[in-house]
Structures are given as C-alpha cells and as structure tokens.
Amino acid sequence: MKLHFEFYGPISDRMGGAGFSLETDAAPQNRAALIAWLSHEHEGAGALGDSHIQIAINDELVRTEAGFDLSDGDRIAFLSPFSGG
Amino acid sequence: MKLHFEFYGPISDRMGGAGFSLETDAAPQNRAALIAWLSHEHEGAGALGDSHIQIAINDELVRTEAGFDLSDGDRIAFLSPFSGG
Amino acid sequence: MTRQKIILTGEALDIGRWSDWLAEDPACGAVAGFTGLVRAAQGLEALELQHHPVLTLQALERIARDATGRFGLAGVVLAHRHGRMAVGTPIVHIACACGHRRDALAGVSYMIDMVKTRAPFWKREWRTDGPHWIEPTQADHEAARRWMEEKT
Amino acid sequence: MTRQKIILTGEALDIGRWSDWLAEDPACGAVAGFTGLVRAAQGLEALELQHHPVLTLQALERIARDATGRFGLAGVVLAHRHGRMAVGTPIVHIACACGHRRDALAGVSYMIDMVKTRAPFWKREWRTDGPHWIEPTQADHEAARRWMEEKT
Chain P
1 MKLHFEFYGP
11 ISDRMGGAGF
21 SLETDAAPQN
31 RAALIAWLSH
41 EHEGAGALGD
51 SHIQIAINDE
61 LVRTEAGFDL
71 SDGDRIAFLS
81 PFSGG
Chain L
1001 MKLHFEFYGP
1011 ISDRMGGAGF
1021 SLETDAAPQN
1031 RAALIAWLSH
1041 EHEGAGALGD
1051 SHIQIAINDE
1061 LVRTEAGFDL
1071 SDGDRIAFLS
1081 PFSGG
Chain D
2001 MTRQKIILTG
2011 EALDIGRWSD
2021 WLAEDPACGA
2031 VAGFTGLVRA
2041 AQGLEALELQ
2051 HHPVLTLQAL
2061 ERIARDATGR
2071 FGLAGVVLAH
2081 RHGRMAVGTP
2091 IVHIACACGH
2101 RRDALAGVSY
2111 MIDMVKTRAP
2121 FWKREWRTDG
2131 PHWIEPTQAD
2141 HEAARRWMEE
2151 KT
Chain Z
3001 MTRQKIILTG
3011 EALDIGRWSD
3021 WLAEDPACGA
3031 VAGFTGLVRA
3041 AQGLEALELQ
3051 HHPVLTLQAL
3061 ERIARDATGR
3071 FGLAGVVLAH
3081 RHGRMAVGTP
3091 IVHIACACGH
3101 RRDALAGVSY
3111 MIDMVKTRAP
3121 FWKREWRTDG
3131 PHWIEPTQAD
3141 HEAARRWMEE
3151 KT
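Sequence order for the protein chains is P, L, D and Z. The first sequence begins at 1 in our numbering and counts up one residue at a time. The second sequence begins at 1001 in our numbering and counts up one residue at a time. The third sequence begins at 2001 in our numbering and counts up one residue at a time. The fourth sequence begins at 3001 in our numbering and counts up one residue at a time.
Next up, chain P with everything else stripped away, as it sits in the complex (with noise of 0.2 Å):
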C-alpha cells in the first residue's frame, strides 16, 4: 500500500519538506514502529519521536497510544507544537 506523509511547522524543515510518499506491505500499526519505520527511510526521522508533536490520519488528530490501522491512501500528518495567535 501506498502511504502519504505530511509535515507541519519546524519538524518539516528536519524532514526535508512539507512531505512525501512511501510504499510497504506491512503497515506500522503504532506510532513508535511509524517512527522506526521512517527513520530507516529519512535520517531526520528521529525528530518525529517527540511527544509534544500530534500526528493526524486523513486530516483528523489521532491518540496515538491505542494504535492504528492504516489502509492504502491513508494521509499522516505530524504536526509540531502549535504556536498561533
């Protein structure tokens, strides 16, 4: 399947960008083998590990401690710590 990654804020700069792509047969099902898998994939990857930062399945925030369940398609966005206003 073919997963779509999205980058908000500071941690798009140590990702290179605001995303990219990538295809696997086995989907992580939680947010530390997310992070092991991307980190194999993109050095910067490691940053994604910090807690203060949300991630987002198909545009909605997810509690990452429960685990997921992706399907192909399926847009993850991590979102480093908000600062509006």
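Derived from the structure by calculation, the hints contain no laboratory data. Please read these numbers as outputs of a predicted model, since none were measured by experiment. Please note: incorrect hints may appear among the correct ones.
[Stated by the list, open to error] Partner residues are not named here, just some residues of chain D that face chain L (Cβ under 8 Å, in silico):
| no. | residue |
| --- | --- |
| 1 | Val2054 |
| 2 | Leu2055 |
| 3 | His2080 |
| 4 | Ile2091 |
| 5 | Val2092 |
| 6 | Ile2112 |
| 7 | Arg2118 |
| 8 | Trp2122 |
| 9 | Lys2123 |
| 10 | Trp2133 |
| 11 | Glu2135 |
| 12 | Pro2136 |
Where a beta carbon is used, it is the ideal one built from N, C-alpha and C, also for glycine.
Dock chains L, D and Z against chain P, hints included.
Positioned in the frame of chain P, the structure of chains L, D and Z alone reads:
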C-alpha cells in the same frame, strides 16, 4: 459670607435641584456642623450625612475628617456615590 | 512616551478611529479593548450620564495614568460619554496597547473597574415610568477594591 | 442563538466591520476585544503563519464554541490570518459581546490563550539572517492549562 452649594447625582433629588446659595456670618468648620446647618435650611439635608457622599470645595475633593476653612464665595459640592461606565 | 487620548464628550464616541490610532505603534503587538453600551431593557427609553465639569476629566486622566504605570502600557484610550443616550449607544470605550497580551488585557480590566466606581459619573435610566438613578453594584465596588489590594 | 463569525483568511482582517456588527445586538451591554499584531523587532522583515487546511478552522470553531458556553456569550468574533505579514499587520482579532463586562473580558482572554497553543498554526519569523521558527512560550502553555484546570 455667601456659600454656594452644588448637588450631584441622586442627592440632587433630595435637595430639590442642582444647588442653591446661603448667607452666613459663622461658616461651619467641619462636615457635621455643615450638615447640621444645612438641615436647618433644607429638610432633605439629613441625607448628606451618608458617609459615601464625597465633598469637593471649589472643584477639589477634600477629606472632611480634618475640617475645613470656608471663605466667601466658596462652592461646596456634594457628590453622590459614582456610577460610571 | 505613552501615547494617550482621554476624552469626555457629549458627542458620539469615534471608536474605530482611536483603535486604528493605537495600532499604529509598531512596537505594540497587543491591543485590547472594551466598549460599554446602553443595553436594552424592558421599558428603557434612554440612559443619562451626568458628570462633574472639572473632577470627572481629572479622574479619567488619573485612571489612565495609573493603568499606564501599573501595566507598562505604550498606548491608552479612555473615552466616556455624558448626556442622554439611546439604547445601543456606546457609553465608554477603553483600549490599551503594549508589547504583550497579558498587560493589555489587564489594563483594560483595571480601567473599566475604576471607571465604574472611581470616576464622578451619575447614571440615570429614563424608563416609561420615569427616571431612576442607578447605583454601582456590590460587585463593582469589590472589583475596584481588589485592584487596590493587589498593589503591584 | 449566539451570533458568531469564525474567519481564517490570507487577506487583511476587517476588524472595524466586525466590531460594529457585534455591537448591533441591543441585548449586549459589553463588547471586549483583542488584536494581536506583528510587532517590530530588530532585523524582522516579515512574520509567516502556516496553518493546516482542515484542522485549523475546526480548532478555531471549537475554541469559539467553548468560550460561548463557558462565559455565556451572545456574540463572538474569532478571525485569524495566515500567510506572510509585514510589521504592524493584524494577525488575530477576537471580540466577545454579552450582557456584562466580566464575561466579555474573560471570553477574550480565554480565546487568545487557546489560540496561542491549541490551534494548529506555526509561526516563522523572516529576519535579515533568514527564517526562524517561533515556539510558544512556557507562559503560553501555562495560560492555556490554567483554563483547563479551573473548569467552570
């Protein structure tokens, strides 16, 4: 000497208007004496004894505990509790 | 070097213009404001604000000066109507500009609390059954007293 | 029956018009507001606010809804810019209308505290020496947490 009295806010209703003038040879030298004298001249003047009513002499707020020294032509204003905004 | 406008007027308040003026200072990242208006109520035809010809403006100036010192404000607007006003009319407008939001917001709170009980105004509602003086509430007095107690 | 305008835009904020709109409700005696602007700083050329295409507007809507319920607001404006802005440009404008001043002022404080740390925006300063991401301060995080603790 001639003294001018001014009344601001609700107290003006009790005193029958915005002000009046009185003649005296012996000006009162403290708040209690002033109100006693005014009560002789005007039936509503007892209400001026309310401790929340402030006094200004010639457009300057005065602390009346210390007494005061009135002169001919002085304007004595009684200010009802404020309600602005 | 505080920029300030203290206004006591019988004319309509020109709120938009002052806000623009306050926001002109590029050193200010925060502008907070408050507008109090004549609120509709059953039988209310108009609100009247009486003032003192000398002491009222002096009190407004003192309130603005105290707020400026206390919260380090770079800009202040304190404008108050007097006279008779219809429902919906702005009575008072306050705005504070400074570097950070906390001080701007606190400055506005402080000033409106002070204006309610420490500035010589007397408020009278004109209702269908005649005029009624309005006294400040107990909460108004307490709000002003709290600021006095927590001297910075 | 709250009147509300939630705006996320790349265009200049039209602050005066919304304030007028909020003040139109005759049941409201109090309108409080806050405007955050790009503050001048040594070497600062522009401020950039990035946002999320879906989540940011949702967060603004939730913040306005929470404030409305918590403070009993009759009217709310929450407007936020995104994109690149010059010094002096309004970034965010918040206004609350209701019957009494306390709730209007508290509503504004609550919303700006939430917008700082709970809405998906990312702020970057463009300085003469290049771009610098701006993180929320510790004080910003604490301000938001305090509201969560003192649940009304």
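Comparing the hints with the structure gives:
no.: 1; hint: Val2054; verdict: holds (4 Å)
no.: 2; hint: Leu2055; verdict: holds (6 Å)
no.: 3; hint: His2080; verdict: holds (7 Å)
no.: 4; hint: Ile2091; verdict: holds (7 Å)
no.: 5; hint: Val2092; verdict: holds (5 Å)
no.: 6; hint: Ile2112; verdict: holds (6 Å)
no.: 7; hint: Arg2118; verdict: holds (7 Å)
no.: 8; hint: Trp2122; verdict: holds (3 Å)
no.: 9; hint: Lys2123; verdict: holds (4 Å)
no.: 10; hint: Trp2133; verdict: holds (4 Å)
no.: 11; hint: Glu2135; verdict: holds (6 Å)
no.: 12; hint: Pro2136; verdict: holds (5 Å)
In summary, this structure violates none of the numbered hints.
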